[in-house]
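Numbering (numbering that gives the first Met the number 0), first residue to last: 0 to 111.
Quick caveat, the hints were computed from the structure, so don't treat them as lab data. Cβ atoms here follow ideal geometry from the backbone N, Cα and C, with glycine treated the same way. Mixed in with the good hints there might be a few duds.
Now the in silico label distances, taken between C-beta atoms and shown as ranges [said to hold, decoys possible]:
#1 H111 to I34: 40 to 50 Å
#2 I34 to S110: 36 to 46 Å
#3 L39 to T81: 27 to 37 Å
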Amino acid sequence: MLERIRNDPIDREKDKLLEEKVDARAPGEEESTEIGILHLPVEVQQYIFSFLPIRTVVRLNVVCKQWLSLTSDMLFWRHMFTVRFGCPAFLMMNWKDRYVASNKKNEIINSH
């Protein structure tokens, strides 16, 4: 049974493609060390998120645990609110709710 799986034409094609990928590297070249957005500092991620539409930002919590933690942090929402609406940061409130509500109000005003 195991031998039959190893001899599967699809598996042989996958192995061939993997070998070609390895052979395509220059001599001494190691695998790619690309850095994704999750490796950026939280402040940089917040800055990037400040350019996203509100619906996208609110849904970031389902992407990964790191963004769930980030989007659950009221300091994050205070930052988002302050960047977007310029509210004084000394006010104590639920910043996520305030940001969402103010964004809706802003969309209504801009649509007329």
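Hints violated by the structure (numbers, ascending): 3
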